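Trainee: Each chain is listed here by its residues.
There are 2 protein chains.
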Amino acid sequence: MIRVLLVHDACLVRSVLAEWLRGEQPLDVDDTPWRGAAARVRSFGPDVCAADLDCADGQGVPPLGDLCPPGTGGRPPALVVLAQANRPGLLKRAAEAGALGFVDKAGSPDRLVRAIRSVARRERFVDDSLGFGFLKAAQMPLTRRELSVLSLAAAGASIAEIAGSLHLSYGTVRNYMASITRKTGARNRVDAIRISRGEGWV
Amino acid sequence: MIRVLLVHDACLVRSVLAEWLRGEQPLDVDDTPWRGAAARVRSFGPDVCAADLDCADGQGVPPLGDLCPPGTGGRPPALVVLAQANRPGLLKRAAEAGALGFVDKAGSPDRLVRAIRSVARRERFVDDSLGFGFLKAAQMPLTRRELSVLSLAAAGASIAEIAGSLHLSYGTVRNYMASITRKTGARNRVDAIRISRGEGWV
Numbered sequence: 001m002i003r004v005l006l007v008h009d010a011c012l013v014r015s016v017l018a019e020w021l022r023g024e025q026p027l028d029v030d031d032t033p034w035r036g037a038a039a040r041v042r043s044f045g046p047d048v049c050a051a052d053l054d055c056a057d058g059q060g061v062p063p064l065g066d067l068c069p070p071g072t073g074g075r076p077p078a079l080v081v082l083a084q085a086n087r088p089g090l091l092k093r094a095a096e097a098g099a100l101g102f103v104d105k106a107g108s109p110d111r112l113v114r115a116i117r118s119v120a121r122r123e124r125f126v127d128d129s130l131g132f133g134f135l136k137a138a139q140m141p142l143t144r145r146e147l148s149v150l151s152l153a154a155a156g157a158s159i160a161e162i163a164g165s166l167h168l169s170y171g172t173v174r175n176y177m178a179s180i181t182r183k184t185g186a187r188n189r190v191d192a193i194r195i196s197r198g199e200g201w202v
Numbered sequence: 001m002i003r004v005l006l007v008h009d010a011c012l013v014r015s016v017l018a019e020w021l022r023g024e025q026p027l028d029v030d031d032t033p034w035r036g037a038a039a040r041v042r043s044f045g046p047d048v049c050a051a052d053l054d055c056a057d058g059q060g061v062p063p064l065g066d067l068c069p070p071g072t073g074g075r076p077p078a079l080v081v082l083a084q085a086n087r088p089g090l091l092k093r094a095a096e097a098g099a100l101g102f103v104d105k106a107g108s109p110d111r112l113v114r115a116i117r118s119v120a121r122r123e124r125f126v127d128d129s130l131g132f133g134f135l136k137a138a139q140m141p142l143t144r145r146e147l148s149v150l151s152l153a154a155a156g157a158s159i160a161e162i163a164g165s166l167h168l169s170y171g172t173v174r175n176y177m178a179s180i181t182r183k184t185g186a187r188n189r190v191d192a193i194r195i196s197r198g199e200g201w202v
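Those protein sequence lines, which keep their order, are chains A and B.
In terms of the UniProt record's numbering, the first sequence opens at residue 1 and continues consecutively.
In terms of the UniProt record's numbering, the second sequence opens at residue 1 and continues consecutively.
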């Protein structure tokens, strides 16, 4: 019996998906929204976490680290994510968080069951249709520092506020923003934020 | 037998939800992503469209008008939407599109079935937990013109481009942006866009 924790923010969809998974032997399924997932990992002790990368607000980055807490003793759960090829930033973060399974939300639900079974055996499972997303993730042109600047800008901070937060000069932050705008192929700063948010980078 | 067209962008979730609804007699369920929904309404001729207001990209506004095409002869389908209280802009658009049913995605799936049955009888169905969202929708402070300016800005247009599109002067668009920033309680233009997108206004 594989113990699966399903992580998805919309209760209505999550309950139906959990019920459907329970019909697929041998799965013992619990479910939770992203908020509260860390506590549920500790109390339920799943073999596998199956998590939707899209958060309730449709933007922002889910707290993937909550699903694989370090140093709890014992093996952390294997991670399967439900993902979209057009959000490479989230694919990259999931890979960095150690996800073993990548299921395309545009695919069939049977793929999710197969992925859960694979990662429970600690075997990798990747939907081919996500390939282009991984390619885009690999080609991500922004540096880590540029991403920090962009994240603050996307959260609504002004150039001066970003400079203050990151201990940089106003001119340096302006230069970073110009470089970000150029590299993302955007028309201006607002457009760069729109593009990067849509792709799941910030 | 009620003919239901389920509209949701993620195929994986949509298939499971459609299968679950088919288990609830007397529902005859077909399903589609937002893209292609207009054609499916014509070919399937549903009594009820049940549509998730959140699009695949997690932002932007779904084409609600596609579900209730005018002048097709016969009665257009009744509309139920799956919604979130924290996206008042989408609630308002659904109300304007003539939706009869409003189901909270944070609630139980049984509510969706009840809503479908209600609106099939052309009776209104509204989840109480969405009340605060409707209140926020009613309190929306931006004018129609300000929303047009904001939509273009959110799509990445510069002040000059917005002025060109709307046949306004540069200074007028700047004044609109300042007024939008003040009314939304934002720190600056980028922050105003972030807030408005999150709430589903643009």
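Please keep in mind that the hints were generated in silico from the structure rather than gathered at the bench.
A portion of the hints provided could be inaccurate.
Computed footprint of chain A on chain B; a stretch qualifies when at least three of its residues, placed anywhere within it, have a C-beta under 8 Å from a C-beta of chain A [as the list claims (entries may be wrong)]:
1) 16-30
2) 44-50
3) 114-122
Just the calculated beta-carbon pair ranges, DEER-fashion [what the hints assert, rightly or not]:
4) B:G98 <-> A:N175: 47 to 55 Å
5) A:E123 <-> B:A138: 30 to 38 Å
6) A:R42 <-> B:Q139: 36 to 44 Å
7) A:R42 <-> B:E123: 25 to 33 Å
8) B:G198 <-> A:G98: 27 to 35 Å
None of these values were measured; they are calculated from a predicted model.
Glycine residues also receive a C-beta, built at the ideal position from the N, C-alpha and C atoms.
Trainee: Each hint should be assessed against the structure and marked as holding or not.
Mentor: Taking the hints in turn, this is what the structure says about them:
For a cut-off of 8 Å, the count of residues in the region 16-30 of chain B with a CB near a CB of chain A stands at 4, and the three-residue condition holds. Look at the region 44-50 of chain B against chain A: 0 of its residues bring a Cβ nearer than 8 Å to a Cβ of that chain, fewer than three, so the hint is violated. Beta-carbon proximity to chain A at under 8 Å applies to 0 residues in the region 114-122 of chain B; the threshold of 3 is not reached and the given coverage is violated. Distance hint check for B:G98 and A:N175: the Cβ-Cβ separation is about 50 Å, which falls inside the suggested range of 47 to 55 Å.
Distance hint for A:E123 and B:A138: a CB-CB separation of about 53 Å, inconsistent with the stated range 30 to 38 Å. Look at A:R42 against B:Q139: about 40 Å separates their beta carbons, and that is inside 36 to 44 Å. For A:R42 and B:E123, the Cβ-Cβ distance of about 45 Å falls outside the hinted range of 25 to 33 Å, so the restraint is violated. The given range of 27 to 35 Å is respected by B:G198 and A:G98, whose C-beta atoms sit roughly 29 Å from each other.
Checked against the numbered hints above, the structure breaks hints 2, 3, 5, 7 and satisfies the rest.
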